[in-house]
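**Student:** Here's the letter readout for the chains.
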Amino acid sequence: MEEATVVSQEMFTINNLWIMLAATLVFIMHLGFACVEAGFVQKKNVVNILFKNTLIPCIGLLTYAIVGFNLMYPGVDYGGGFLGFAGFGINMPEGSAGLIDYAGGNYTYYTDFIFQGMFAATCATIVSGAVAERMKLMPFLIFTTLFVSLCYPITGMWQWGGGWLKTAGFHDFAGSTLVHSVGGWGALAGAILLGARKGKFTDKGIKPIPGHSMPLATIGVFLLWFGWYGFNGGSVLSADAGGVSLVFVTTTLGAVSGALLAFFVSYFMFKSYDLSMILNGILGGLVGITAGADVITPMESIMIGGIAGAIIPLSVVMFDKLKIDDPVGATSVHLVCGIWGTLATGIFGEDKSIVAQLTGIAAIGVFSFGFAFLIFTILKYTTGIRVPDEDEERGLDISEHEMEAYRMS
Amino acid sequence: MEEATVVSQEMFTINNLWIMLAATLVFIMHLGFACVEAGFVQKKNVVNILFKNTLIPCIGLLTYAIVGFNLMYPGVDYGGGFLGFAGFGINMPEGSAGLIDYAGGNYTYYTDFIFQGMFAATCATIVSGAVAERMKLMPFLIFTTLFVSLCYPITGMWQWGGGWLKTAGFHDFAGSTLVHSVGGWGALAGAILLGARKGKFTDKGIKPIPGHSMPLATIGVFLLWFGWYGFNGGSVLSADAGGVSLVFVTTTLGAVSGALLAFFVSYFMFKSYDLSMILNGILGGLVGITAGADVITPMESIMIGGIAGAIIPLSVVMFDKLKIDDPVGATSVHLVCGIWGTLATGIFGEDKSIVAQLTGIAAIGVFSFGFAFLIFTILKYTTGIRVPDEDEERGLDISEHEMEAYRMS
Amino acid sequence: MEEATVVSQEMFTINNLWIMLAATLVFIMHLGFACVEAGFVQKKNVVNILFKNTLIPCIGLLTYAIVGFNLMYPGVDYGGGFLGFAGFGINMPEGSAGLIDYAGGNYTYYTDFIFQGMFAATCATIVSGAVAERMKLMPFLIFTTLFVSLCYPITGMWQWGGGWLKTAGFHDFAGSTLVHSVGGWGALAGAILLGARKGKFTDKGIKPIPGHSMPLATIGVFLLWFGWYGFNGGSVLSADAGGVSLVFVTTTLGAVSGALLAFFVSYFMFKSYDLSMILNGILGGLVGITAGADVITPMESIMIGGIAGAIIPLSVVMFDKLKIDDPVGATSVHLVCGIWGTLATGIFGEDKSIVAQLTGIAAIGVFSFGFAFLIFTILKYTTGIRVPDEDEERGLDISEHEMEAYRMS
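First to last, the protein sequences are chains A, B and C.
This note's numbering puts the first residue of the first sequence at 957, with every later residue one more than the last.
This note's numbering puts the first residue of the second sequence at 957, with every later residue one more than the last.
This note's numbering puts the first residue of the third sequence at 957, with every later residue one more than the last.
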């Protein structure tokens, strides 16, 4: 919705192609989330996670087409605002010269929708992992629908839709806060209101409940890393060679040093080579680098990603101490590392303001945690949100789906 | 083989890059098919499915290089015809100004071959799932070789090679009929001639035979969806920003509403949250949208994909009632939704003719079902097509491959 | 570091975009390697393989940023040399006009780093499979760090960095020798020094130790094939339509005929339909085609890939006869087919010299095998390289990681 700049038809086509490919890469992150979360839960709850993570992008994309996109990008008139709405459905904004004369000549209206739509569903997916193994299916789907169609686009509009946070100087390049922390706050609200899984926190201490498939979790993490090149690289919003290639390097080095620091810190803490820690270290590094991937140097990306990786084992222990049960570590990865990455952008990014970063973190945190807490609470006292103990015991696959994930005998 | 238009070297390079990337995305659909089909069969037949689905793209691509490509695109002289052949091997057609002055300046001859070749093998893969768990390996490979090197390119030529169906006004953008229904007709012929798996249809009713791994099936469906952006998006045959981005949106919304309608209808029919139904709902939506993805609006894509998703549980029940046993639901997904999508293009697409659509559906159905039925029948009375009962009982992995898919103890 | 040529801003952006996408495709090969190797080992060593194959790209990319890139591409002054170093860290070489006026106008400095960095880690990954199921974790990580940060970039510089092999007329387009054989020589050194797994070679003959998951191995092979379009296609170092599309075709036909010949030869040798042979046949075909993918015809690629595929079962039997135990067949795929592909380029490639090809094969073989043998030997007599027998018996997942890959009960 900026003034159309003049680029050649060739440059327009290249820019548009890259954003479409980036959307395709972000799409595969949904499979990444499904695999990570399925791998990290017990065998008896795998169908349930897969069912949720298959429906979430479907719900997310459909509601984004109907309301989300137009809540998040309400158009020029809402500059500096808190809330705006451009009407229902996918319709080109008034004043556009046409499908291809949109957004300053870098991509079409449809490309804009598909790239932003692929982003939207990720925040609900983050919640899915944290509430796994004990939440009822239908209230989760109701929560997802509201969270992705209202909460995400409203806070997203504050920054990417040209709202008040952008005016305030907040910088969140590809969504450490706008996507990952929003999902992380939802995850935290859900984990608190649901309570821990039976048998996790006992009088004798904390009982680890290991995931059922490390190959599945590893596939998921690599697919997320793969898709992150579209998530961060596409957020340049053009195929600009200098901009996108810097983002590729900072994103890569963030992931890499996240893994290595998670490896060292977890070895120092637990004296073991813990695969789940390096997998979450990669994700933590990626989340951490996402806010500032466009404004930092490669060397700084090693530091930011490394600190994010070091945070992972510390944060997992902290949530365990707080008796907040998150089966896949989603709050550590997406919430804690999301906050760190947003802060780090204020520290390392040139001309960035730590005050503005803290303002954004706090405002979006209050709104999204509050929104999620409210919805989960309403659901808790209406439909109920937690399955009966006997259903939790035999697993949601049987109790909710009458299916088993594997038939290996 | 159209007249060369004048585009800049830059635009030519962009268009060519996109078609090569689209080919790469279609390639990964073969892994998607392998995973879906392996996930939906019993553990004892997994190596067999993987073996077939690994060899199919190899056979498909090699035969396409030798005969298929030149049967499907025989060149200008065969306009309006039923059959043509431009000779064996990958050789540039006469009259081309050279490798890069081909097809109106949008891509090279080699790019054309690789994109079309990746398509070709998919129709044999569709058959693979429907005949799973009871068909002998060698006759299946013979069938595949003939089906992909003769049947697919001949019917494909009728439309995409400039043949009589194109002249008749038939519209099938990316192959709801030319690819998916052709595979679906082959699947139906095979399933009928083989008969049902032992124990599927008994005096006491229909016994469901659940697949052995839902994570594998889910990975497969997401990879297919991922690859479909190349399948449909590449079928624009250039990187044209307006055209490709519309196709991305209609393809996405088709998949999404396919999943949601399959979810609602299957819940209404069976009162359960059936993961395999929403997975096949996604595939049904994608197949349904493929014929008209370039000529419909986003809102129409929601309708077309939704109806395709609703068809899935109904069609699965119908084939069960007809005692046609298709272990992975390939006929419902590819044949029934392929027909629906082709019809829907006549209903929703501007200036499209329902009569022409029905003509194409019928002509291609008769030819490809007849072709497949004939080959399967010849094989039945020569090599035999069905494994002995005791081999079916202990599984094809042991009887055909002397291997087990998993060693988990 | 060539003279900057003048291309348009559009062409620069297209070329750069393709190399970034190619890097993304090469990235996913690391997941491919992880899946193949995990699938082909026993269940009790799966976490160990995943741990190694997750850390390897992290170590590889970080060390490449610190030393490897500047050892491999030391700049103009080292033309024709054996060793050079452009200093630590990612810093643009002096004399560059800037980030985007680099490498003759085809891509940015950062893009160059990320594409080459993704390549670097693959050779250490190749070693990982050959030493699986019996090597200690820490010495392996030390070996990896040295191999990827010193051995790979030094031999790489001899050719791709403008060193003496390039001057000598050696041709290795995308690394049959520079990447795959280097990894293969490391694998061979490790397999020899470690000795075979307990129970593999007994008085009663050779006992096959089958992998634990064929679906995982199949996923890995398809992902490697998928990523190879970036590995070979990106090695054109621009989006040149004619060049890249030829490489796509030769790469594809190499893989395809590798699979089919491995199928026929292994059926002839063993009278069985062995899935692992066709999977390794695909990889052998891809490795074989990699040295000359840019200078051969499609018909020649069918021959080269086919011979590589035929080599696979023969080579596997040969290493078994030599009592060299390689659990995943890495030496057959990467070393033997890498040598074959490099030789084949001398045979089929126009104006290529078989003497130069043999020189490159021998020089790089001597250096990389010697380097790996030396490091493994030092480690053997310091940290030790082999786990105790009882740890090998119960598996490295428990002894090294205190984790199980699966919890299926």
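Each hint should be verified, as a subset may be incorrect.
Which copy is meant is left open, so a pair is good if it fits within one copy or across any two.
[To be verified] With a straight-line cut-off of 27 Å between C-alpha atoms, the simulated DSSO-like cross-links for lysine-lysine are:
#1 K1277 <-> K1308
#2 K1227 <-> K1000
#3 K1279 <-> K1308
#4 K1227 <-> K1336
#5 K1122 <-> K1163
#6 K1156 <-> K1308
#7 K1154 <-> K1122
Treat the hints as calculated values from the structure; they're not laboratory data.
Computed from a predicted model, the values in this text were never measured in an experiment.
**Student:** Next, verify each hint and record whether it holds.
**Tutor:** So, going through the hints one by one against the coordinates:
1. Taking the shortest Cα distances, K1277 and K1308 never come within 27 Å of each other, neither inside one copy (34 Å) nor across copies (65 Å).
2. Taking identical chains as interchangeable, the C-alpha atoms of K1227 and K1000 lie at most 27 Å apart only when they sit on different chains, with a minimum of 20 Å there against 30 Å within one chain.
3. In this assembly of identical chains, K1279 and K1308 lie within 27 Å of each other by CA distance neither inside one copy nor across copies; the values are 36 Å within and 62 Å between.
4. With identical chains, the CA atoms of K1227 and K1336 are at most 27 Å apart between copies only, with a shortest distance of 23 Å across copies and 41 Å within one.
5. When the C-alpha separation of K1122 and K1163 is checked against a cutoff of 27 Å, the pair qualifies neither within a copy, at 44 Å, nor between copies, at 59 Å.
6. Taking CA atoms no more than 27 Å apart as the test, K1156 paired with K1308 passes in neither setting, with 42 Å inside one copy and 61 Å between copies.
7. In the homo-oligomer, the alpha carbons of K1154 and K1122 never lie at most 27 Å apart, since the shortest distance is 44 Å inside one protomer and 63 Å across protomers.
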